[in-house]
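So the protein lines, in turn, are chains A and B.
Be aware that the first sequence starts at 228, since it is given in this note's numbering, and climbs by one per residue.
Be aware that the second sequence starts at 2, since it is given in this note's numbering, and climbs by one per residue.
Treat the hints loosely; a few may be bogus.
Stated by the list, open to error - Below 25 Å or equal to it, Euclidean Cα-Cα: the simulated DMTMM-like pairs (lysine to aspartate or glutamate) are: (1) B:K331 to B:E310; (2) A:K334 to B:E131; (3) A:K332 to B:E53; (4) B:K70 to A:E413; (5) B:K57 to A:E330; (6) B:K247 to B:D223; (7) B:K57 to A:E413; (8) A:K332 to B:E12; (9) A:K435 to B:E310; (10) B:K157 to A:E330; (11) B:K157 to A:E412; (12) B:K132 to A:E330; (13) B:K342 to B:E310; (14) A:K328 to A:E412.
Hints listed in this document are in silico derivations from the structure and should not be mistaken for laboratory results.
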Amino acid sequence: MADPEIKSYEPLHESRSAAVTESGPVRVTLTIVTLVFLGVFLLLPLIIVFKEAFAKGVGAYFESLSDADTRSAIRLTLLVAAISVPLNLVFGLSAAWAIAKFEFKGKAFLTTLIDLPFSVSPVISGLVYVLLFGAQGLLGAWLKAHGIQILFAVPGIVLATVFVTFPFVARELIPLMQEQGNGDEEAALSLGASGWQAFWYVTLPNVKWGLLYGMLLCNARAMGEFGAVSVVSGHIRGLTNTMPLHVEILYNEYNAVGAFAVASLLAGLALVTLVLKTLLEMRYGAELAATRGH
Amino acid sequence: MEVRVVNVRKEFERFPALHDVSLDIRSGELIALLGPSGSGKTTLLRLIAGLERPTKGAIFFGDEDASQKSIQERNVGFVFQHYALFRHMTVADNIGFGLKVRHRAARPSAQEIRRRAMELLDLVQLTGLEKRYPAQLSGGQRQRVALARAMAIEPKVLLLDEPFGALDAQVRRELRRWLREIHDRTGHTTVFVTHDQEEALELADRVVVMSQGRIEQVGTADDIYDTPNSPFVYSFIGESSSLPVKVENGEVWIADRPIGLQAPHAPSGEAVLHFRPHDVDLLDGCSGCIAGTVAASRRVAGTRRVELEIGGERQRVEIELPVDHPAAQKSRVAFRPRRWKLFPAA
Ligand SMILES: Nc1ncnc2c1ncn2[C@@H]1O[C@H](COP(=O)(O)OP(=O)(O)OP(=O)(O)O)[C@@H](O)[C@H]1O
Ligand SMILES: [Mg+2]
Chain A
228 MADPEIKSYE PLHESRSAAV TESGPVRVTL TIVTLVFLGV FLLLPLIIVF KEAFAKGVGA
288 YFESLSDADT RSAIRLTLLV AAISVPLNLV FGLSAAWAIA KFEFKGKAFL TTLIDLPFSV
348 SPVISGLVYV LLFGAQGLLG AWLKAHGIQI LFAVPGIVLA TVFVTFPFVA RELIPLMQEQ
408 GNGDEEAALS LGASGWQAFW YVTLPNVKWG LLYGMLLCNA RAMGEFGAVS VVSGHIRGLT
468 NTMPLHVEIL YNEYNAVGAF AVASLLAGLA LVTLVLKTLL EMRYGAELAA TRGH
Chain B
2 MEVRVVNVRK EFERFPALHD VSLDIRSGEL IALLGPSGSG KTTLLRLIAG LERPTKGAIF
62 FGDEDASQKS IQERNVGFVF QHYALFRHMT VADNIGFGLK VRHRAARPSA QEIRRRAMEL
122 LDLVQLTGLE KRYPAQLSGG QRQRVALARA MAIEPKVLLL DEPFGALDAQ VRRELRRWLR
182 EIHDRTGHTT VFVTHDQEEA LELADRVVVM SQGRIEQVGT ADDIYDTPNS PFVYSFIGES
242 SSLPVKVENG EVWIADRPIG LQAPHAPSGE AVLHFRPHDV DLLDGCSGCI AGTVAASRRV
302 AGTRRVELEI GGERQRVEIE LPVDHPAAQK SRVAFRPRRW KLFPAA
């Protein structure tokens, strides 16, 4: 149809967006559906967590947080995060370095392997450690003979957490390092820097925001992990309970204030992570890789 | 510092990027590696720098075999095609980097490093920009910072990979003159890669023409332009025309006619005649010349390019005429190359 009118409401620079834009009512409906969904499934639970936590007042809230078992759960969670985040920082950095900067056989396989913890259920990850280190497990007899306790103890919890949070740093850094290539490192070497100096003065600063971003996500997951840790922990109160596990125990004991008080700490952690993550994305969006949102 | 490349071969996963390349670079010389894309220029430069190891052969710096030395030990200044400036460091920190990473014993004090950086910044005419970050500089300014950074380590050899590749024509010409000046002032042995023949011929003391992983010819601009030693160099440098010919008893023939060129040392048989389109004598009569029908005629700046069809096989060649030459109006033109060269038929 050669209707001359058509031109007037299809100016060139808008034609692309005009073609994909829905009509007004559809847009409004979609927006409302999204908002309602977010409200019911995300915001409401968050509010309830804090409401329940403070249901018997501020005093009860702090009292339940100062309970010995709760304090021990908080300490354990902090300890696990303090061990597993730096470990995965080193692992993730080495893996990303190897994959992004070198050519070798089996590289594609290694890349897939790094993603494995994302694709298997955390419970399975935990079970693998039981099969490996449990009394009937592959290394069980040997460990027992040498008096080493891994399962139902802190080492097992750390191992399970490290496994589950392994991909965060590596996946953030691989695309970033691949994009940056070897040029800067070669320049540093040609100027006389040692390999270590090139890494410290050039590679690391080039990826520092991506690294921070990966660590942030890694930390949030390390503190919040339930499935894998639940399998290997043994739920010994005051000894091998992390915060998420402790929440469950308290809740099962009908201690709503206690459970939600601990849960509120985890929720607070999530909120802080979210804010920092958003800030990082806003300021250094261009420097972060295109792998957001895991 | 004199650099000698001796019988170097370089393979990437069995793919030969360089075959048996040898080259002597004189101390203090400004030398250009010129060749089409993929001819191995960057590979040769990286081998000299130590960013790659030769599959075979050796590279000498002076009398020392440098092939087994690491890039740090070689002390070369390398300027990368895309500059590779450290984006999180200021211009001054970029320039001072090579001094800062030295061993404690050889490392100058922080003030001394800063002083050197300012001095070099002066040399590359960027005084006052020391606090900027690379992202805040223009392409030409980044290029100069990259050069200053490479010179800060007082390199034995300066290697530049397409130093002006990413810049526009105007800036290129400016920087070209400026690089020559800096070279004359500092006297570093300098190797630079380019695929711009004008740049190579104008700037370099000697030009190395490369093709498909081999060095075709090494010489001054005059050598390369006036006496190319292979069909490739003939056609790669400047304009050239070629015609299949026959040599018989020291005379050059096209089809059944001698064209008046004597080649007493050429073996009899098939050959290819190369000449420059502008380097021809136009003839009136034709007893011993190349004659052809005008197929097309184009005005190119101050001259006229005429495309001629020669002989029964209608081979096309181009020659250049003065704009007002009467031959341009004719339908048949006869000429004889003034300077020419025969190469065996491929
Ligand atoms: N790291 C590498 N792995 C595999 N092949 C390579 C590698 N580097 C270079 N080559 C190959 O070696 C040949 C020469 O490459 P080189 O980079 O030296 O060319 P060049 O003359 O610098 O070309 P250009 O003008 O396009 O930069 C090319 O065919 C290229 O594909
Ligand atoms: Mg190149």
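Right, here's what the structure says about each hint:
The hinted pair formed by K331 of chain B and E310 of chain B meets the criterion: a straight-line CA distance of about 13 Å does not exceed 25 Å. Taking the CA atoms of K334 of chain A and E131 of chain B, the gap is near 42 Å; set against the 25 Å cutoff, the hint is violated. The hinted pair formed by K332 of chain A and E53 of chain B meets the criterion: a straight-line CA distance of about 20 Å does not exceed 25 Å. Distance check on the hinted pair: K70 of chain B and E413 of chain A sit about 15 Å apart at the alpha-carbon level, within 25 Å; holds.
A hinted pair counts as satisfied when its Cα atoms are at most 25 Å apart, and K57 of chain B with E330 of chain A qualifies at roughly 22 Å. Taken as a hint, the K247 of chain B and D223 of chain B pair is broken in the structure, with Cα atoms around 29 Å apart against an allowance of 25 Å. Restraint check for K57 of chain B and E413 of chain A: the C-alpha separation of about 22 Å stays at or below 25 Å, so the hint holds. With a CA separation close to 18 Å, the supplied pair K332 of chain A and E12 of chain B stays within the 25 Å bound.
Taking the CA atoms of K435 of chain A and E310 of chain B, the gap is near 66 Å; set against the 25 Å cutoff, the hint is violated. For the given pair, K157 of chain B sits about 31 Å from E330 of chain A by alpha-carbon distance, which is inconsistent with the 25 Å threshold. A C-alpha spacing of about 21 Å is found between K157 of chain B and E412 of chain A, which places the hinted pair at or below 25 Å, so the restraint holds. For the proposed pair K132 of chain B and E330 of chain A, the alpha carbon gap of about 37 Å is over 25 Å, so the pair is violated.
With a CA separation close to 20 Å, the supplied pair K342 of chain B and E310 of chain B stays within the 25 Å bound. Taking the CA atoms of K328 of chain A and E412 of chain A, the gap is near 10 Å; set against the 25 Å cutoff, the hint holds.
Hints 2, 6, 9, 10, 12, counting from the list given before, are not met by this structure.
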